[in-house]
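Here's the letter readout for the chains.
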Amino acid sequence: MSDDNEYAIENTDAGASLEIPCEAGSVKKGGYMNIKGRPCKVLSISVSKTGKHGHAKCNFETVDIFNGKKIMDMVPSTHGTTVPIVNKTEWEIANIDDEDFLSLFDEGGEQKDDVKLPTYPDDLAKKIKEAWNDGENTVMVTVQAAMGMEEIVDFKIIQE
Amino acid sequence: MSLSYASRNPSSSLNIMRQCCASLKTNQITKFELDLNALRARPDAVDFFLDCLLHLNEPNSDVELFHTILSLRHLLLLRYLTLPADLPTLVRDFLVHLLQTRSDLVPYNIQAIIETSTLLFKRSWLSPPTPPTPPTPTHTYKNVQICPSIPSPSHLFQTLQSSLSNPQIDGIRILNYLNNLLEVVSNQKGQDSLKMTVQWHKDVRLNFESYAEKCYDIAMLGLSLTPQKQPPTNTLYIKSVFQTLSTTLNWEYGGGNHFRISTPSQLIKPSPKVKSYVLNFEFIDTCFKCYEGAQEEGVRKEIREVIIALCSVNGKIFSNDIERTNYAEFLIQRLLSFVRTSTSDSIEDWAVTFLRVCKNFKINLLKQVPHFQEFMTCLTEFTLSTFNSITSLVVNSSGDLDAVEDYQNRTYDLLLECIVIISSESFFLEPATQATLKEEFGRVYLNCVENRIKICKAVEGKCVREEVELDELGERLDEEELAEQINAISTAGRLNLLPSLACLNNELNRSLGNLGGLFESGVGEVGEEAAGILEEVRVLILFMGWLVTDEGGGETPIIPEAIVESCATPQAQQISATITQIVTSLSNLSSYQSTKISSSSASPIYSPLIAQQLMWFFSRFCRVYLMPNASLYDGLEQNILYKENFGLEANSQGLIDMCTKSAVLYITSWPGEVDVVEKTVKMLEGLCGGRIRAGLARSEGWRCLCNVFWFVGAMSIHTNVTPNPQELNAMGLTPAMVEGFRRLNYERRGDVASVLACGSGGMPDENNKTIMNKTLMLVEGVLTKLATVISDPNSNNTHIEAVDLCSLCVSLYSGICRSPFVGIVDSAAEDSAEAYVLTKFITPSLPKLAALMPIYGPVDNSIKTGLLTALTSYAELYISFLNPVESTALYNAASEMIKGYSAIGIGSSAKKSDEEDQHEDVLQAIKLLTHLGTKDFIDVVDNSGGATPTVDVTEVLFYGINHLLPLVSDLLEYPKIAHHFFDLVGYIVEAYPEKLNSLPPDFYESLVGSLLWGMSSIDILVGKSCLRAVEEMTKEHVKNNTLNGILTQKPDTLKLCVQRLLTDVVMAPSVVFDRIDVTGGALLVLIAADLNFFTTYVRDMISKAGIVQEQKQQLLAAFEQLVNLETIQAGIQGKGIQGRNARVAFKKTFELFVKHVHSFLVVV
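Residue numbers (full-length UniProt numbering), protein chains in the order written: chain A, 1 to 160; chain B, 1 to 1164.
No lab work stands behind these hints, which were simulated from the structure alone. Any given hint could turn out to be false.
30 Å max Cα-Cα, derived DSS-like pairs, lysine-lysine [unchecked claim]:
hint, chain 1, residue 1, chain 2, residue 2
1, A, Lys28, B, Lys454
2, A, Lys57, B, Lys454
3, B, Lys316, B, Lys362
4, A, Lys29, B, Lys275
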């Protein structure tokens, strides 16, 4: 079959876009979608319509991946939506300054100084600071990036 | 009766009791309860309360008397075996005496007396009182003359009968006593308080049956005395009479539970011994006369219960059919006059009587009943009036369905059930009766169409007016209910097909005219009126669909017999023409709507539901009426339906063209309307069967569908493929169609791939070969591109776009893998090389698909599930076609995939979800292994191909289970997963017990552990699978020592099986008799495997059991009787019939053993 294949294969271009278009009906529970420019994780999806003869509408119950706020949205089946490209990277903390900015570096030695301690969840910043102030161990943080925003979403202590 | 009892100073006892009850009057409930419990705990409590009972006879002692009676009941039943044997009997008889003599009793004390006395009667039913053994004399005993004695059940009935005849005694109390006694003996009441074994309750009930005539005597005597009862007591009296009659009539003979509240279709089978009472026209007449005279609804309700019971009388009580016919005639004659004048609150009961008559006497007998035609007319009138009132209520309340009472809906459903029963057996009737039936039920059909439209319009109008948001589930339930009703009424519609079709045709023409006006008007919003028009059309499509086609799930779709037959009558021409007219009207509607939405898909006036309903209709219609296989019918080729409708190729191409064209437009215009797309794909699947497929390739719509599928697929592979209007035009496409198809959910795109493969596969012509090849090439192209992405070191495998490509790839493969092999089967005779085109295509891709699991499985759950589903479908549909090389490829891919899946599955799937659906991946993995297991069976059975896979199937299966076991163990509480898993494990252990010896010891232990868990499961199927597996595993070991190796490392596994089987299955309080057979089989081999252990364990278990010594001895004796070494030996070693007979004998003995043991151990 392959010999007759008339389609040439090319590499995909991952591109640098922040989001990709997606149909409302293709968004999956547990996946991501953008609502009013905010990247959100989908908690539940239901389909409804006004009257039996109405057009289907997808109702999404989501949570903002950066501030944890619940956001609801309704998208008619004839419309599309966008899905954010969410990246998570691991960084080691080199320093935390007085204004709560972190100095981070990754495995390859690349540095990053533009991330502040997170404001959500409430106690995450405090826990990271405490872990860091302990002094003895390496503290790794997970930085989540989507739609041009970056935020620390997790941390772990590497025992030395 | 006299009694020696420890009487103290009665006034002291009464004072204590009064003080105790005084707390109640001041609302000190807790204090009262504590005081009463303290009194019940006194060592002389029985004597104390007895004292109170005998002396509480002054006014204003009602509360004290009530608690005295309840306390005595509690104490007597609790200490029954330790009390002097005649003490409970005395109390029982004294209570009857109170009932007869004390006219001042308040109702709650009457009830307490009746319930306590009847319970005590039941307790002493089988064991008459023995001479008293005097208790330790702590007080001065004196003989007291208390009341007349009732020494036996015969005396009780005699007492009740004489009391009823005695004008000085309240007859209501006596009737209620009998009523209560029936309820207590039949275990409807008070079973828990007796704490006796199942067998005991059963014995009492069977013994009681010998007094059935006495019960009838009393109830009939009660009925005969009704004229003597004067107002105001007569109402309650008559009510009691009929309550007792109803309970007596509903007694279930033969040891079952008798029932009063039963299903509408439940029949009863009284003993022939009571024939003279039940089949007594004078009695029946009296019942109806009493009903006529009764004013109060409570009384009328009780009489109706008796009439319902009379209509349900069935069985050996009738000596012959003449007797049955006469009985039915008498009942029907009486019924008719009442039903016609029934009031609204009684209609449900009358509908139940009608249903019981229909179910009970069947049309074969009813047709001999002189009043049968009247009965049908009455049934028709009743149905019409019920539905008319339901419709009026909904319409007058502007679409509020809650305006209809539940009983009205239930009544209508019951009446429809009657109509279905009679209609489906109408061929038994004489032509004249049949003609009447057609006419009568034809009216019901027309009325139903008319009213249902009104109701649906009103309800939809309300939805639109109030902007109600409909949820999927609610709507689906409503739909199912509506479909069920239309399906039922269609049975009546087919009796008189032409008027039914004509009615639908006229209504459709009218409403399509309105719909056309609506579409052309350019209205932007769906208002109330527009919604009404749309709803009317939808309901008519439903009616038409159900009238001309059957549901026939899983069967070869065929034209309903009633329609084929109608088309061989003088009306055939008109019927055929009307069907064609209706189908043409609906085709035109579908074409019009699909064309309109292709340019304005968002316009709210073009209802997706209409599209969905149209696709539903054509899906059902096309697979039945388009070029049907005439060999399935008698003389279809001469039938006008075949010759002039859509039977011939020339007549059917137009409809195929319309269907495919509409389909492609619906899919591309409304990719987000999931239900429309699903129904459309289903309709296309319908076109892929039989001779219709030849017409597909000739249709423009099919070519468009192929083109749009290929073009959009190419866009996913090549970044330089863009929609060019001219190029698209040449393919019959538009940019909007391409855009629409691009937006189609990948899973649905997989469906389209499946349909294309199915529609073109195995067809000999070049056109179809091209379609098949291009479709498969495209699917392969997507996989190749994905492989390129994965192998490129610079690209990110898990980037969202790569994941998206993988999703598409998996969906398309999944579609191809589940493509029904109709093409293969059809073409097998014509071109066998083409027949295996799909298996040849899929085999080389299998390793690549398996390799996707570890990369994309952890990233996206739907990919993980999709990959497993694809392989499962492939294994299910194609495994019997695979040659050894292809089989090997499948086994290897399955092993790899399950290995990859188990590595990632623990992280995501093991997290338990509230919904079983969330674990579809686990289910698919289990199903995959199950289907792989069938190959061995197929090859053993069919040696013609000589195909023997080079991979050992059992190794793959055990390997798979080993990987799945950790994932599944937490999910076994989900019934579907448990069923499939234990089916698989049961099958493998049963089919390959010799392989168990070579398993890794820990895996073997886990496997047996899962069987131990499953054998005591409350789920019968799971239990059976596991018990069968244990039986086969042990049997093989007993015969050939197959487990010797593994048992040296895990020596306790079989012992654990014995322990679990005995404690959690055989001796479990709630033994499941449905699996007693397999339990016996498993026990037989386990005993044979290690008799010494079994004997030791049984003795140990019995010695530790918390039962009395006598029961321990009984239990041990029962076990000794069960273990008959000769039978066990023959069951294991015996060959052929001898072995089978021995096994059957052991199982029978085991069943008796279980029943026996549970009769003295299980207490309810």
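Hint-by-hint comparison with the structure:
no.	hint	in the structure
1	A:Lys28 x B:Lys454	violated, 39 Å
2	A:Lys57 x B:Lys454	holds, 27 Å
3	B:Lys316 x B:Lys362	holds, 16 Å
4	A:Lys29 x B:Lys275	violated, 66 Å
When held up to the earlier numbered hints, the structure conflicts with 1 and 4 and fits the remainder.
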